[in-house]
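Residue numbers (my numbering), protein chains in the order written: chain A, 1 to 428; chain B, 1001 to 1364; chain C, 2001 to 2520.
Calculated from the structure, these hints are not laboratory results. Treat the hints loosely; a few may be bogus.
[What the hints assert, rightly or not] Here are the computed lysine-lysine pairs in the BS3-like style, where the Cα-Cα straight-line distance is at most 25 Å:
#  : chain 1 : residue 1 : chain 2 : residue 2
1  : C       : 2196      : C       : 2512
2  : A       : 278       : A       : 351
3  : C       : 2196      : C       : 2240
4  : B       : 1170      : A       : 239
5  : B       : 1170      : A       : 171
6  : A       : 379       : B       : 1012
7  : C       : 2360      : B       : 1012
8  : A       : 384       : B       : 1187
9  : B       : 1210      : A       : 294
10 : A       : 370       : A       : 278
11 : A       : 149       : A       : 57
12 : B       : 1070      : A       : 4
13 : A       : 149       : A       : 161
14 : C       : 2047      : C       : 2091
15 : B       : 1210      : C       : 2491
16 : A       : 72        : C       : 2360
17 : A       : 242       : A       : 351
18 : B       : 1213      : C       : 2491
19 : A       : 379       : B       : 1187
20 : C       : 2163      : B       : 1008
21 : C       : 2360      : A       : 57
22 : C       : 2240      : B       : 1008
23 : B       : 1070      : B       : 1012
24 : A       : 331       : A       : 242
25 : A       : 370       : B       : 1306
26 : A       : 379       : B       : 1305
27 : A       : 379       : B       : 1170
28 : B       : 1210      : A       : 129
29 : B       : 1210      : C       : 2512
30 : C       : 2174      : C       : 2163
31 : C       : 2113      : B       : 1012
32 : B       : 1305      : A       : 4
33 : B       : 1008      : C       : 2501
34 : B       : 1305      : A       : 292
35 : A       : 294       : A       : 209
36 : B       : 1213      : A       : 370
37 : B       : 1170      : B       : 1012
38 : B       : 1301      : A       : 370
39 : A       : 239       : A       : 149
40 : C       : 2065      : C       : 2047
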Amino acid sequence: MKSKRLCLTLVVIFMCSILTGCWDKVELEDEGYVAAIGIDKGAGRNVRVTFQITNPKTIGSGRSGGGSGEIKSEVMTLEAPSVLSARDLITISVTRRISLAHAKVVVVGEDFARDESFFRYIEASLRDKEMRRIMTIIVSREPAEEFIKKNNPLLEDRMQKFYEFTSRRWKETGFVPPFANLNRFMQRTETHGSLFLAIYATTREFPTKKGADEGAYMPGQIEKSGGSPAEMIGAAVFKDGKMIGKLDGNEMRLVSMLRQEPETRAMLVTFLDPLDNKYRIDARIIRENRTKIKLNLEGEVPVIDTYVPLTMDILGIPSFVDYAEDMEKQKYLKDYLEKYLSKISLKLVDKTQKEFAGDPFQWDLAARRKFFTYDEFHKYDWMKHYPEAKVNIKFEINIRSFGKQLAPPSNPMEKGNDEGISPLERKE
Amino acid sequence: MDIRDGDKLGIKEYTAVLIICIGIKATDSTPTLLYKQGDNAGWMIPIISSVIVFLSLSCLLAVLERYKNKNLIEIIYHLTGKYIGAVLGMLFFISVTLVSATNIRNYVDILSTIYFRRTPVFVLAAIITASCYIIARLGVRAIGRTAWMALPWIIVITIAFVILVYNLIKVDYLYPIGGAGVKQILKGGVLYSGIFSEVIVFSVFFPQVKNYKSFKNSSYIALLYAVISISLLSAIYIMVMDYPPVVINSTPFHSVARLIYGGRFVSNLEAFFLLFWIIASVIRFGMYLYTDAALISYTLKLSEKKQMISAVSAIILMLSLIPENYIENINIVRKTLINLDWILIYIVPCALLFLSQRKGDYKL
Amino acid sequence: MPGTQAEHNNQGENKNSTSNEEIISDLRPNEETLTFDLKENVSFLKKVFCYPINHDFVIRQIYIKSIKRQAVLIFVQGMVDVNTIENQIIKPLLEDNTGVIKVSDIASSLISKIITGKNAYKTDSFKQVTKEIVNGNSILIIQGLKEAIILATVGYEHRPIQKTTSENTLKGPKEAFIESEQTNRSLIRKYVRDEKLVTETIDLGGKGSNIVIIMYIADLANDDLVKTVKSRMQNIQADKIQSLAILEQYIEDRPYSLVPTVLSTERPDRVAAFLSEGHVAVLMDGSPEALIAPVTFWSLFQNPEDQYQRWAYGNFIRLIRILCCFIALLTPGLFIAVTSYHVDMIPTDLVLAIAASREKLPFPAFMEVLIMEISFELLREAGVRIPTPIGPTIGIVGALILGQAAVEANIVSPILVIIVAITGLASFAIPEMSLSFMIRIGRFLFLIAGASMGFYAIAALFTICIAYLSSIQSFGVYFMSPFAPNYNSSKDLVVRPPVWKQWLRPLNIKPKQEVRDKKS
């Protein structure tokens, strides 16, 4: 009985000594929470790693909150042989232990993204526990360091929030690629199936492009004043872990329409009014159904038939042409839109085939179904066959509504037309 | 009416133990092994394995039905004699010991790579072994009841997991449907049927289960459930991560859990899943420890099972610390073990059935 | 020992000349029987009760006319109802009823023909006589009779039936047990009108009167169970058991465990509900509560109100309560685990908010929680002990001012005050005292686990706790049954079915009838 009790005591003491080790214990205030990691090319084999560490005091708890007087974050850049080693190295001047647990984005300078070694550095850093595969990749036209330093949104007190919100913007606008996270990046690169699209951004001013369509911009080209200098639009195209090109906002939207899965469900677009070239029609494109891809891989070159069903709300007709109640005009509009969309889509496909030699539309997923074993598919090498493929694209547009009003008001510019003649009877 | 007749494992408790012990394999490195064998069709392997295990289980059940109130080891002794019986019993014991040790190590490594970077492996292993030891000391019935109480939560959490990853899923990743080819998958089905070895090995507790019918039904239900959960989760990992990357990943469950993003407020939930994963694994290894102790004490015909638990726990803890790192553990040791286990699992039940047929123990 | 008895008697006669020290003797009646001599009997009793020092010991001389004999009525003042004695005993005895009494059997005919008291019987054992006097009955000893007549005159003071104090409900009966066992029994019988409701008295033996009352429904309660309860009581070695609360500690299964295996309640309706499921209730004079055995986790967890409220409302409070159990048990541990090991889990904004509020604090988070938890327990304990008029104030002073001041003095962070307050609130919402204690103490274990190894240790400890709970037995019934091990029952566990579906008794306690009676 006594020996039993002694044994028990020993075991308890032993367990206690084990448990009080607390090797992984941290105190919240000892940590510096990184919001964004920036990676650039450094001298030699090194990389320049930028950490943006949020200042927790910006919104403290109630009374003790510092508020607007405090700086939002501390940005530090240093050269290190790898992303991980930078974490330790940075402690030479930062008091806090670096925690990547709440990092939301990886910003990569375009120069480095176009470098062969980029993928290797990123892959290696992913082995760390705290690097999350859910982090968004942003490619900045300038070095990442500059992007992070210059980006200072006034609305957000915490940088984490800024990145979190902006990287989710694809859901509403489609200007940036959806799910541009490390997980998808790794996966596309390792499967060699299709191209990976990352968010393209800048804080620099580039020569502005005036009078372009709503999305035909690269970041930095938009005529804009005020607000934060950061602009995110378009996509950086990665092939085999290396950036090879870029897409502007409009192209990005087309890509998302041509992909099978309707990821961006609604976006606002404008089209040239087919009956009045001075004006553009405002519309909302709604994707409810999957884009259907039919593949024929039997022949010499693969034949891809793409069928895109779209639903559209016409929101504004500044030309006052009555598309709403005139069935013929409506049909004309539909035909025009379908043809127009497939024309620009084919142009985009052509660009991807020639310029990128890879497919950003994830059509390889459809190609997968054509094979029985993975080896066969792997041997076929979709990436190699895609540039030669013959692509047919057919859009089908279903105009669901014309906004809240039925017919547009009679045109006040045209004299004498206001009275007696209904819009339907009016001749062009 | 004796007030203490709850001293046997009911159908619910035994099923719960089996489901937890087998189903949890979907969350360790087992899927990785499956993908290595069957590429992106690795999720089909458990289905094929289960068919094979089902046949073997049926043989075993036929034997068990003849010898009521005898456990697996006693039947082996009865049918094969003193020496072969002892050898087989020891083989079972060694197999379960090694399986427990490698699995504990596997789990500890997962914990160590994803959650507790700086904590020594020994400490992590010691904590899990100690907890399992305590549970095992409370006896198989306590384990059964614990499993039964934990099971609803674990199922709810699994369903929550599936719902949360639903956004990330792309069914297309499952194609090409054939994966590594029919031959490879079939081969995998045979080689990896060790995944379901518990349904056979746990028949050492046959006398502790309420009756033959509950034992039979439990085994079948648990087998079905385990197949569904392992296959489904393995498929989900592929659908989230796509085929080649999923192989590179040593802990698909936890990696996928880290990807879960339910909006700004529900992110980074992996630690939440950890909570339930630990509960399940403590129950699982507690059961293993108890099984192991039971096997050795039946084989050596010892009366005190509880004394053996401490010895067995110590052995398993030490063995689990031998492999140098994670990859060595899963690639070499675990794979070999799972692959070797099936011999024990197929041959023994069939041989027992054959022997008992020859002995003519029909009416026993 | 007749010799000693004679000696005692001699001493008794010389009492006038003896001092107090000599009067106080350690004489306790054992096997002695009454004699024909009235004087001898009386002096023996005087000796036993240390008369005349003992002022409560009253000897009333009566001359019974009907039989023309001297008699003595003995009782202990304060234990008896004076009215009863006057009206039902002394008055009839003094009346002249000559001729009614047969000389051959005086005692019996006195009982049957003259005394109007509700209960009377005769005995010749001094031990019995002493015990009855102690219990508040009166003794009539008649000259020339070898027997004493014991008359039921119990009537001591107790408070009237009052409202429940600790197990309050909004709906349903509100009366609570009081210190009188008879009243308590009548309260129970009021709710269980069943001819099979049996009241057994068990004498625990030992010095003085240790009488315990066991109640059960004879055709429901399992025989084994009743036997176990009785044998546990009979095995008690203690000489004196003052109240049920002490008795509870003698008969429970695991005295060192945090888990209670006997339930004590102050609500007669609750006892009734348990009885009709086949449990056994234990009562004792002087204890304003009843013990229930066996108990399961569910009987501790459930509250009569759950059944009284409508199905949806009752289940709502049940769900709130189970939430409370988890919150009270786990919150501090989980908080520590999350903030020290699983920082990823907290939403970014919250992490930064906590980090900001902790910037200036001198203690690690664990110490912070410990300080707050302990001060909360202090407050709670102080609140119970403090005289009622100041009671509510302590809550305000403690909770508001202390918490506020601690935050302002940069000793704890505001979020922690919320955590501790929520935890405390949750533990108040658990109605059963034992369960509440179990959870309050268990919380510290989880706190240590969370601080030492995060979710890993919490989950492991939690599993161990479940396994432990499921292995505990209360009088042979598993603590977590009928859930685990699983038995047929009405599924009245965390949530309950509508009352008309609860026709099955929980089979884990093995009632003799499994199904509740329906109108046939």
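CA of residue 1213 of chain B to CA of residue 2491 of chain C, is that 25 Å or under? Status holds; Cα separation ~24 Å.
Residue 2174 of chain C paired with residue 2163 of chain C [C-alpha distance capped at 25 Å]: Holds, at about 5 Å.
Check whether the Cα positions of residue 72 of chain A and residue 2360 of chain C lie no farther apart than 25 Å. holds, 19 Å
Checking one constraint from the list: CA of residue 1305 of chain B to CA of residue 4 of chain A, max 25 Å. Satisfied? holds, 18 Å
Within 25 Å, alpha carbon to alpha carbon, are residue 1170 of chain B and residue 1012 of chain B? It is violated: about 36 Å lies between the C-alpha atoms, which goes past 25 Å.
Does the structure keep residue 1301 of chain B and residue 370 of chain A at a Cα separation of 25 Å or less? violated, 60 Å
Would you mind confirming whether the straight-line C-alpha gap from residue 1070 of chain B to residue 1012 of chain B stays at or under 25 Å? Cα-Cα ~21 Å, so holds.
Under the criterion that the straight-line Cα-Cα distance not exceed 25 Å, is the pair residue 1213 of chain B, residue 370 of chain A satisfied? violated, 47 Å
Does residue 57 of chain A sit within 25 Å of residue 149 of chain A, going by the straight-line distance between their CA atoms? Given pair residue 149 of chain A, residue 57 of chain A holds - Cα atoms ~19 Å apart, limit 25 Å.
Straight-line alpha-carbon gap residue 2113 of chain C to residue 1012 of chain B, limit 25 Å: Distance ~67 Å between residue 2113 of chain C and residue 1012 of chain B Cα, so the pair is violated.
Is the straight-line distance between the alpha-carbon of residue 2196 of chain C and that of residue 2240 of chain C 25 Å or less? With Cα atoms ~31 Å apart, residue 2196 of chain C and residue 2240 of chain C exceed 25 Å; violated.
Take a quick look at whether residue 379 of chain A and residue 1170 of chain B sit within 25 Å of each other, Cα to Cα. Cα-Cα ~22 Å, so holds.
Consistency with the previously given hints fails for numbers 2, 3, 6, 7, 8, 9, 10, 12, 14, 20, 22, 24, 25, 26, 28, 31, 33, 34, 35, 36, 37, 38, 39, 40, ordered from lowest to highest.
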